[in-house]
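Trainee: The residues making up each chain are set out below.
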Amino acid sequence: MSAALALRYRHRHLLGIQGLSREEIEALLDISETYVAFNRGADKKRDLLAGRTLINLFFENSTRTRTSFELAGKRLGGDVINMQAASSSIKKGETLIDTAMTLNAMHPDVLVVRHPESGAVNLLSQKVDCAVINAGDGSHEHPTQALLDALTIRRRRGRLEGLLVAICGDILHSRVARSNIQLLTIMGARVRVIAPPTLLPGGIERMGVEVFYDMRRGLADCDIVMMLRLQTERMQGAYVPSIREYFHFYGLDREKLAEARPDALIMHPGPMNRGVEIDSEVADDIDRSLIREQVEMGVAVRMACLDLLTRKLRSNEDGDGDP
Amino acid sequence: MATLRRPLVLVNARLIDPASGRDETGGLLVIDGRIVEVGPWVNGEGLPDEAEVVPCGGHCLAPGLVDMRVQLREPGEEHMETIASGAAAAAAGGVTTMVCLPNTDPIIDDVAAVEFIARRARETRLAKVYCYAAVTRRLEGRDLVEMGLLAESGALAFTDGLKAVADAQVMRRALSYVRAFNRLIIQHPEEPRLAEGGMMNSGELATRLGLSGIPGAAEVMMIERDLHLVAMTGASYHAAHLSTAAAVEAIRGAKARGLPVTCDTQPAYFSLNETAVGDYRTFAKLSPPLRGEADRQAIAAAVADGTIDCVASDHAPHDQESKRVPFAHAAPGIIGLETLLPLTLQLYHKGQGRLIDLLRRVTSAPADLLGLPQGRLAKGAPADLLLFDPDRPGRIEVDRFRSKSKNSPFDGDPIQGRVLRSVVDGRTVFAAAD
Chain A
1 MSAALALRYR HRHLLGIQGL SREEIEALLD ISETYVAFNR GADKKRDLLA GRTLINLFFE
61 NSTRTRTSFE LAGKRLGGDV INMQAASSSI KKGETLIDTA MTLNAMHPDV LVVRHPESGA
121 VNLLSQKVDC AVINAGDGSH EHPTQALLDA LTIRRRRGRL EGLLVAICGD ILHSRVARSN
181 IQLLTIMGAR VRVIAPPTLL PGGIERMGVE VFYDMRRGLA DCDIVMMLRL QTERMQGAYV
241 PSIREYFHFY GLDREKLAEA RPDALIMHPG PMNRGVEIDS EVADDIDRSL IREQVEMGVA
301 VRMACLDLLT RKLRSNEDGD GDP
Chain B
324 MATLRRPLVL VNARLIDPAS GRDETGGLLV IDGRIVEVGP WVNGEGLPDE AEVVPCGGHC
384 LAPGLVDMRV QLREPGEEHM ETIASGAAAA AAGGVTTMVC LPNTDPIIDD VAAVEFIARR
444 ARETRLAKVY CYAAVTRRLE GRDLVEMGLL AESGALAFTD GLKAVADAQV MRRALSYVRA
504 FNRLIIQHPE EPRLAEGGMM NSGELATRLG LSGIPGAAEV MMIERDLHLV AMTGASYHAA
564 HLSTAAAVEA IRGAKARGLP VTCDTQPAYF SLNETAVGDY RTFAKLSPPL RGEADRQAIA
624 AAVADGTIDC VASDHAPHDQ ESKRVPFAHA APGIIGLETL LPLTLQLYHK GQGRLIDLLR
684 RVTSAPADLL GLPQGRLAKG APADLLLFDP DRPGRIEVDR FRSKSKNSPF DGDPIQGRVL
744 RSVVDGRTVF AAAD
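Top to bottom, those sequences are chains A and B. If you count the first sequence from 1, position 117 lands on 117 in the working numbering, and the numbers rise without skipping. Numbers given in the working numbering equal positions in the second sequence, counted from 1, plus 323.
Since the hints were derived computationally from the structure, they do not count as laboratory data. Built from N, CA and C at the ideal position, the CB exists for glycine as well. Among the hints, a few may not be true.
[What the hints assert, rightly or not] If you only want the chain A side, here are some residues facing chain B, beta carbon under 8 Å, derived:
(1) Pro196
(2) Pro197
(3) Pro201
(4) Gln236
(5) Gly237
(6) Ala238
(7) Ser242
(8) Arg244
(9) His248
[Claimed, not checked] For each label pair, taking beta carbons as the anchor points, the in silico distance ranges come out as:
(10) B/Arg442 / A/His248: 19 to 25 Å
(11) B/Gln675 / A/Pro201: 47 to 53 Å
(12) A/Lys127 / B/Ala540: 50 to 56 Å
(13) B/Pro363 / A/Pro201: 56 to 62 Å
(14) A/Ala258 / B/Arg750: 41 to 47 Å
Chain A extracted, bound-state conformation (with noise of 0.2 Å):
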């Protein structure tokens, strides 16, 4: 890893892509790109984070962003120690502020940390004297999902900027879909979201989309689909009436598809509701579905986080020239 890379790269945490520059996330990207071939070799353990505390520390359940952080983090040498929020002392009345002392107190050098309420993880950032990073807060933000999502376009399409990508779904209550719009919108791409009007926050076209609320005219000469998963509970009838009737207008098929560019690509932040957000047909489709692309991306954009904001303390320890 270039110590250059590293220098644009300016904060103690990651906590959302907002406060994020071009050059940061290109410089996270261009990291994450050297962990992609690494990881696709044989030998998949480096010494890295040797000697050094990874705590994932969910308070909402996670499989697949608790894997991909653990796999990154022993993958580059470091103790990975995971600390579910239903096993922990949060479930006594332990407020998050008391939890993030009592976690500092025993010394970890990164916390990655996943909350149900926006704003958590960067409360916590405050108290502790680690680097954190988010791994989702409530709608909030989800940055390395956004870094991910980004790699796998870049690496298919060679580019972001200039690209035409459609987030589709629950916008109101996706922290997925609010770190990618900064993120694609800083890197040049141009973003249009595509929601029934329930599902979309108020003032979402000050961020810098274009609102649809038809998602035929709004897929119409898209490069990207992006599909955001919709929570069963929200389709009662609260913000949706129905899944059939969430299918049947906003639901991913051939169909709503080809209104799309021809070689229009579809990601999906997984886990899927295949029949209401996507078809199986769309999503199993190896030409156009990177959905498990995806999940690749995601273990080297978090290697190639824990290796940026490790970079300081191991300069200072080691004196090996990184700053």
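Use these hints to put chain B onto chain A, whose structure you have.
Mentor: Positioned in the frame of chain A, the structure of chain B alone reads:
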């Protein structure tokens, strides 16, 4: 095999078309159910021999009435009215298009119910029948119906009928969601907790009669709340059967601010005031209730000046068992299909509005609001027509009504204006005997 229908030509009529502003003597030619020519030059000459020529004797030829608010009781309460009996009443009343409320049994809140109405409507050739779908499932005010699928299957707009969508969050989401499908939300504007248990308008008369009252404020406060939600969501909103001056002012103000809002009333609110309840007359029990005289006058003025966009019959058939009971127990509502035209014409006779403007409220205004092609005398439009004599005097005789139910407070009232002929898609569906 398609049989060729004879061309129909109506000549020597006073053509009144609110949509275009036309008011002149002339004629109108109908071929295959559509208007193909209209104007002073249509005089019956140069037509094929088989054409049916109807001399109109200088009477008014207007678009058939579009009644945007009726209850037809089918399915579920066919002893009070059916789509067929309602259509017969409509034809006699000059109403060629009806839109019915979803408060049937089962409730019109799914695609199957809309398709049932559409099928029965096709069988009933006396009038065109459309329906609204509910805003919320089972009219419970909680979960949204499948608005997209319902709109595709033919629901013209969404309303919970006689119930207000009371929950502000539900109303906000309904207004928001419906924008994807460009349909109207029609509200029964009444704050339900304020109206609960009320039987008539609040005030001195209610006090003297010992009946609990519904304050006029119940109407305007629901409208004011909804106007804020309309401003938030940008959806099109329609307030049904306005009864108070305050509500009219609220709508007037909203229109001046450019909000996409419209409203209607029904003839009782500009024809009667609360004194009609008089000696506990259940036929004068309405929802919202008949108001005081100042409100009645304000409603009449708003119909004349267009602040109230549409007039609908609010046809609400009830059987004897629903009305021959103590006032508190009586079902609200009156029949109106056969009195919509003459009661609306009374405003004209009293000098409270031009004929063409009043006709607009019952033809092109509701048709435009609901996206219907009828309601106008235009080339290419469906030949849904009404020939009437606005001046002929008579009496309202409920016993002669086609409607299965007879609950009208206007029985015996002297009236001016008579339907001479109703035409649906070029077919004469009603012709006056004399």
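Trainee: With reference to the structure, classify each hint as holding or not holding.
Mentor: So, going through the hints one by one against the coordinates:
1. Interface hint at A/Pro196: satisfied, since its Cβ lies 5 Å from the closest Cβ of chain B, which is below the 8 Å cut-off.
2. The criterion of a C-beta within 8 Å of any C-beta in chain B is met by A/Pro197, whose closest approach is roughly 4 Å, and the hint holds.
3. For the restraint placing A/Pro201 at the interface with chain B, the shortest Cβ-Cβ distance is roughly 11 Å, beyond the 8 Å limit, so the hint is violated.
4. A cut of 8 Å between beta carbons decides the hint on A/Gln236: the least distance to chain B is about 6 Å, and the hint holds.
5. For A/Gly237, the interface hint holds, since its Cβ comes within 8 Å of a Cβ in chain B; the closest pair sits about 2 Å apart.
6. For A/Ala238, the suggested interface contact is upheld, since its CB lies about 7 Å from the closest CB of chain B, less than 8 Å.
7. Here the hint on A/Ser242 is kept, as its CB sits about 5 Å from the closest CB of chain B, short of 8 Å.
8. A hinted interface residue such as A/Arg244 counts as satisfied when its beta carbon comes closer than 8 Å to some beta carbon of chain B; here the least separation is about 7 Å, so the hint holds.
9. Among the interface hints, the one on A/His248 holds; its C-beta lies about 6 Å from the nearest C-beta in chain B, closer than the 8 Å criterion.
10. Between B/Arg442 and A/His248 the beta carbons are some 22 Å apart, a value that agrees with the proposed interval 19 to 25 Å.
11. Range check, B/Gln675 to A/Pro201: Cβ separation about 48 Å, and the 47 to 53 Å hint holds.
12. Take A/Lys127 and B/Ala540: their Cβ atoms lie about 52 Å apart, and the range 50 to 56 Å holds.
13. At roughly 58 Å, the beta carbons of B/Pro363 and A/Pro201 sit within the given window of 56 to 62 Å.
14. Between A/Ala258 and B/Arg750 the C-beta distance comes to about 43 Å, which sits within the given range of 41 to 47 Å.
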